[in-house]
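Position chain B against the provided structure of chain A, taking the given hints into account.
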Amino acid sequence: MGVEGIGARVARKEDKRFITGRGRYVDDIKLVGLTYAHFIRSPHAHAKVKGIDASAAKDMPGVVDILTAQQLVDDKIGNLICGWAVTSKDGSPMKMGAWPAMAPDTVRFVGQAVAVVIAETKNQARDAAEAVIVEYEELPAVSSMTAALASGAPQLHPEAPGNVVYDWSIGDEQATNDAFAKAANVVSLELTNNRLVPNAMEPRAAVAEYDQAEEHFTLYTTSQNPHVARLVLSAFYNIAQEHKLRVVAPDVGGGFGSKIFIYPEEMVALWASKKVGRPVKWTGDRSEAFLTDAHGRDHMSRAEMAFDANNRILGLRVKTHANFGAYMSLFSSSVPTYLYATLLSGQYNIPAIYAEVMGVYTNTTPVDAYRGAGRPEASYLVERLMETSARQLKLDPAELRRINFITQFPHQTPVIMTYDIGDFGAALDKALEAVDYKNLAARKAQSKANGKLRGLGFSCYIEACGIAPSKAVGSLGAGVGLWESAEVRVNPVGTIEILTGSHSHGQGHETTFAQLVADRLGISIDQVQIVHGDTDKVQFGMGTYGSRSGAVGMSAIVKAMEKMEAKAKKIAAHQLEASEGDIVIENGEFKVAGTDKSIALPMVALAAYTAHNLPDGMEPGLKESAFYDPTNFTFPAGAYICEVEVDPRTGKVDILDFVAVDDFGRLINPMIVEGQVHGGLTQGIGQALLESAVYDDNGQPVTASFMDYAMPRADDVPSFRISHSVTLCPGNPLGIKGCGEAGAIGSSPAVINAITDALGHNKLEMPATPGRVWEALQLQQAAE
Amino acid sequence: MPTVKLTVNGKAVTAAVEDRTLLVHLLRENLNLTGTHVGCDTSQCGACIVHIDGKAVKSCTTLAGQADGTHITTIEGISAGDQLHPMQAAFRDNHGLQCGYCTPGMIMSAIDIVNRHGGNLDEQTVRHELEGNICRCTGYHNIVRSVLDAADRMRVSQAAE
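Protein sequence lines correspond, in order, to chains A and B.
Per numbering that gives the first Met the number 0: the first sequence = residues 0 to 783.
Per numbering that gives the first Met the number 0: the second sequence = residues 0 to 160.
Hint data in this document are derived by calculation from the structure and do not stem from the laboratory.
Among these hints, one or two may not hold up.
As the list claims (entries may be wrong) - Examples of chain B residues toward chain A, derived with CB under 10 angstroms:
| id | residue |
| --- | --- |
| 1 | 19 |
| 2 | 27 |
| 3 | 73 |
| 4 | 75 |
| 5 | 76 |
| 6 | 77 |
| 7 | 88 |
| 8 | 94 |
| 9 | 102 |
| 10 | 131 |
| 11 | 134 |
| 12 | 137 |
| 13 | 148 |
All C-beta atoms, glycine included, are put in the ideal place defined by N, C-alpha and C.
Just chain A, with the same shape it has in the complex:
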């Protein structure tokens, strides 16, 4: 490793523009003739749209046009799609209702758009929107899954009787029932995984422009995957052809999954730019983010675990209801199935697993992938079940886990996944030592003497990243392949541009990807420029989510670099009159091994572009590209331990210590990796203690602002103690597993397990607000 190579804690190249206010986000973009869009949204959770009267609004100052849902229909603009086909256990395809970008006749959640005002200024668009009169006929709504599944419940979509999207299963039901039949002990638990709002700090935005002469569109948008946006907008929505549409995702202020999806607002802005013949900007405000960004989680589950007399797990049976909201978002169907139930084996040897998942429509905002996407729900279920089992079986929770850890790899679970490598015991040992586990009893006694209750909770999580082997996900219903592309351009003067299909919205790719190149060539990261987020520059890419940019995106760069280096070595050997096999690359030079003969990278590059003296038959230039398709998922795993103190008078929980030991495989920039863990842990702690998207019985969101939805703030979380326990991933050239989501996947169960340890019983749901913890304490006292 060089000072800027793999493993170095290099300060980020991208930071200078962000700390000086020179970042360029979508809302910062101004175009000549720009107009502003403001959407008119349903105040009802379920209603018929009886009519829209825009006559007064049309004549208001600055109004350019008012476009309604009917015009989308008239222009044959396609409905929003769901890109992963999940099949129910009876063999029937999932039952999807149509989702038009603006609703022509029925609205199904509060905030669904029915029309849009385009005006000269943002305020004029807002003013006119106030004057548009929409007549609704309210319909009964269902805001919870329980209400949606009740007999006689109001129906959302005629296509989905009973409000059921699918009733899916995985695993061997008979084998699992047999395991339970011979169990010495069975532990069961009912769990709610609370609905969350992603809340990236930059609201979604779009700036769309149509060039009438070229019949060409440009869309600047807050996207984690601009190529996928272009593909979907062109292939399914009938707005622009793929070669007539450029999608640019410039600096994007956080995503966490919520900016994967192609939303109605971006579609409408693009369509409207042609309709009005001027560029259109839409920037969501925070209220719109709460109403329309895809939410996350929202499961209700019942789980049972069977143990033999030696406390070894025999089987796991799970029944989960997953709330999809009012429509099926782009990847929603895969989240509670292939991204959730396939991780239910956790870190444990479980011979038999059977899980059933029912997807349910409700009159709420659509739900899709949010940081972790299915895997946090799996780890929460498995790890709470392990903690509950330890309590019920009167075993040390660390010991129960250790007895059941998978220790032989590769390991085939009963739920599709083949874990390639790991050392779960090593991570747990390291975490136990870090928290001084053996003196926990003394600390508990000390807290008790101070009138507090102390608890410690574990979470030994595993997740699947490196999304994903295209053939495998294709066989499971995915509509796309999940490879990644890269292009290496060595310029004639020897500087390097890396074009990648990955997209950075906070992850620091401009630095880590440059470190990879610097490491291979022995040059400074300043000589490397990372180009991403523009479909006119990068040929194609699948974007960034599922912690895939390291394991998949960087592997594509490695492949392209290998091709470029092979050609460069040929050129160097030719110039040095040496054998190609004797050329080594060191410190930016191509050297003949064992001699003092060398030629610097810029001279090799120049030779490639002057083409005066190349090996016979060689094409000029030094540019190579590659597509990398992973062979397996990667499996980041780790051991998290949280120690809390509960004030029994108020129910307030203080996190005293949080230790995270992760196995992410090889770390490119440990500083950036730690930052990813800090952020993930805080989102998981937010879910455990603070955050919850709540609807009333009529489907009205009651937590649709930062006043009502408790985001974690600086004084809600502690400083974290992070370390690593590494096994290199055998499945990709760099040995990377991925680090973007682990913190959010592993931390919630550790927090809740710690609180339930302090309480001494399992009856606690997230978020564990002081009120809920206090109630749980009264439950305990009543039992005593």
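Quick look at chain B alone, frame taken from chain A:
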């Protein structure tokens, strides 16, 4: 439309604005100072924080008219050419930012915190004082370290003056 006169990053500015124009919109739309961000509509997140006469203020809840006659400093105005403000340098060196969206507000808020506490800061105070700034990326861990580091740097640079 009424006219407001103010000084922004050391330059005199005169702008005709609607009565309802917020300071953040004057900065972003009229003056093209897009480093100041809008992250919410309820004065909670702090992405819009600027200094008005040296004090941290949320520019999304300040009317442009209220800033008439004041001196405004935005994120674009705190470095001297290529010489970063110690708070900017500390955020970079401690990886106190990821997506960068909350960062300008964090930095402007943090400078005010250090100014008010004279550099005598501890972790708990910093965490409490940052209550009005939301970050979704960093988990605050490195932001807190950045502010404490900058407090040291600012104390040293003040002592040297």
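Here is what the structure says about each hint:
1. A least Cβ separation of about 7 angstroms between residue 19(B) and chain A falls short of the 10 angstroms threshold, and the interface hint therefore holds.
2. For residue 27(B), the suggested interface contact is upheld, since its CB lies about 8 angstroms from the closest CB of chain A, less than 10 angstroms.
3. Satisfaction of the interface hint for residue 73(B) is found here, the shortest Cβ-Cβ separation to chain A being roughly 7 angstroms, below the 10 angstroms cut-off.
4. Against a cut-off of 10 angstroms between C-beta atoms, the interface hint on residue 75(B) holds, since the closest Cβ of chain A lies about 4 angstroms away.
5. Given the 10 angstroms rule on beta carbons, the hint for residue 76(B) holds: about 9 angstroms separates it from the nearest Cβ of chain A.
6. Given hint, residue 77(B) at the interface with chain A, holds; its Cβ is 8 angstroms from that chain's nearest Cβ, closer than 10 angstroms.
7. A distance limit of 10 angstroms between C-beta atoms decides the matter here; for residue 88(B) the minimum to chain A is near 8 angstroms, and the interface restraint holds.
8. The closest approach between the C-beta of residue 94(B) and any C-beta of chain A is roughly 5 angstroms, which is under the 10 angstroms cut-off, so the hint is satisfied.
9. The interface hint given for residue 102(B) holds, since its Cβ lies 5 angstroms from the closest Cβ of chain A, which is under the 10 angstroms cut-off.
10. Checking residue 131(B) against chain A: minimum C-beta separation of about 8 angstroms stays under 10 angstroms; hint holds.
11. Checking residue 134(B) against chain A by beta carbon gives a least distance of about 7 angstroms; that is within 10 angstroms, so the hint holds.
12. Taking 10 angstroms as the C-beta contact cut-off toward chain A, the hint placing residue 137(B) at the interface holds, the least distance being around 5 angstroms.
13. Taking 10 angstroms as the C-beta contact cut-off toward chain A, the hint placing residue 148(B) at the interface is violated, the least distance being around 13 angstroms.
Taken one by one, the earlier hints fail for this structure only at number 13.
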